[in-house]
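If you want the building blocks of each chain, they are given just below.
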Amino acid sequence: MKRVVYGLLTVVLVSLAWFNSSMAAEGPLLLELAKTNIKISTFYNGTTLDVAGSLPADEDVVVQLSGPKKDVHLKEKGKVAGFLWMNKTDVSLENTPAVYMVYTPTGSTADKFLNPDLGVGYQALVKDITSNPESADKTFIFGEYVKLMEKSGVYAINEGTVKYGEPNDGMKSFIITLTIPSKMSAGTYKVAALAMKDGVVTSRVTEDLTLELSGLPAAISSMAYGRPLLFGFMAVFIAVGAGLLVGVLFRGGGGAH
Amino acid sequence: MFYMYLPIAGNSVNILLILGLGGFVGLLSGIFGVGGGFLMTPLLMMFGIPPTVAAASDSNQIVGASTSGTLAHMRHGNVDIAMGVMLLIGGIAGGTVGVQIIKLLRAIGGADFLIAITYVIMLGGVGGYMFWESLQSMKKSKTTTAEAKMSAGEQKPTKKSLLQMLPLQYKFEKSGCHISMLLPLGFGILVGILAAIMGVGGGFIMVPVMVYLLRMPMHVVVGTSLFQILFTCINVTVMQAYSNKTVDFVLAVLLLLGSTIGAQVGTSIGKKLKADQLKIMLASLVLLVCAKMMAGLLMTPTIMVALKGGH
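Quick note, the sequences are listed as chains A and B, same order. Following the numbering used here, the numbering of the first sequence begins with 1 at its first residue and continues without gaps. Following the numbering used here, the numbering of the second sequence begins with 1001 at its first residue and continues without gaps.
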């Protein structure tokens, strides 16, 4: 009986292992991140991330960096009293990525790849977003939101930035350096490589990228959210202390006044 | 190398830039007795700090700058504590009322319109009047002093008789006036309501109120205003940290380093300037901010949406 159980277990384990490996090697597309975890410490000012991989020589690759989906609450501007521009109506975009950056390969224009059917580009995001109220012009609002995000550096279309190596054995390598702006907050993001040929996505590989607070920023953040009242008093106490200290220092040094 | 990460704002900033910004606003605060929130918050937003975090961290910073400034002014004998306490009590009461008004308006709609209009009218009105008045008084000082004395003497008796009818008369020594305690209390409430509606500390409204309505000497106005702002901002900082979690301590400390020193330098500069010069400079500053706001309201925006939370 024991033998039968062991035998069955072995079969299950082997088939699981085979299934997993076949998932990882779904296609000939390979993607590798220089690191999968970025620490946000005291003097952090954004960073870069080297990404490399390989794909069949006759295909193209697009690299996407996208962030946690969230609901964004916006004010749409409008005219009040006929001539004053103000934040007028409330509108929310649900299921909107906090970060979205696309890197397209050299040798072609970005338009070739920015296609909702391929799941690449801002137009592709609109499908998954819902607006609240539903009557709002979702495409227009999202378009304006994109402008706002591009300004703060968390949305970008980087045309012709993925570089290819020389083809070898029907394969070619690619490299790209991703920009990680300081405005990208702690969380888990996805880096995806999409191989394409003749306007069709042939394979897709995704890796997780985690940004986490460490050191002083982590300590301050956990106190601000965990013990807010104490944090508030501490902030006031230190401010008063600094004010008194400078006041006393100036009296000492500024006796002439 | 010169960058630091702000954990609550979720962005990093150039240390030197923020130190400089703190120093500049601290300088203004020491000279004019204003918290500088009406300048600092928009400037921080320009550097990518979310509006709510900018306003809350700024009030934390003002605590430091006004402590430093109040101390400096106290040494020069420029703080009327009794007057400051009365204005403060009124300010807190008015602030509470103002917050409720805004809540009600947000429910009905039209809060943003009221905020923007209040801002422009207050800035324009206060700045314009102060500018005009100090210009007149600068001209006047060139004409015969006897003439000026006569016109001042004519006005005083009528005003005094009206004010003397109020109960709780008190001699505010430093301010050099004998008036009812209800007067600063009432003005405090008024400024508190306006400040809450506009989402600012109210220093730039409080200063003209003390100068023109309470007739206090300009240098005592500055010191007393800072004293009052100190306590208002302590209250705001704790409340913001507790209920909204928007105080970025790293940002506040960076601003503090600049502003506490700026406030000391400002106090020394202010001491050397004449009251009319102080008034006309503050008026120009207020008018400049007003003009910028007007431009923002009149010009077609390049981006038609804004993140919720700012004005």
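Any given hint could turn out to be false.
[Claimed, not checked] On the chain B side, residues computed to face chain A include the following (Cβ under 8 angstroms):
1. Ala1065
2. Ser1137
3. Ala1196
4. Leu1298
5. Thr1300
In short, the hints are calculated from the structure, not lab data. Since the model is a prediction, treat every value here as computed from it, not as a measurement. Ideal Cβ positions, reconstructed from N, Cα and C, are used throughout, including at glycine.
Results for each hint:
no.: 1; hint: Ala1065; verdict: 7 angstroms, holds
no.: 2; hint: Ser1137; verdict: 27 angstroms, violated
no.: 3; hint: Ala1196; verdict: 19 angstroms, violated
no.: 4; hint: Leu1298; verdict: 7 angstroms, holds
no.: 5; hint: Thr1300; verdict: 6 angstroms, holds
The earlier numbered hints that this structure contradicts are 2 and 3.
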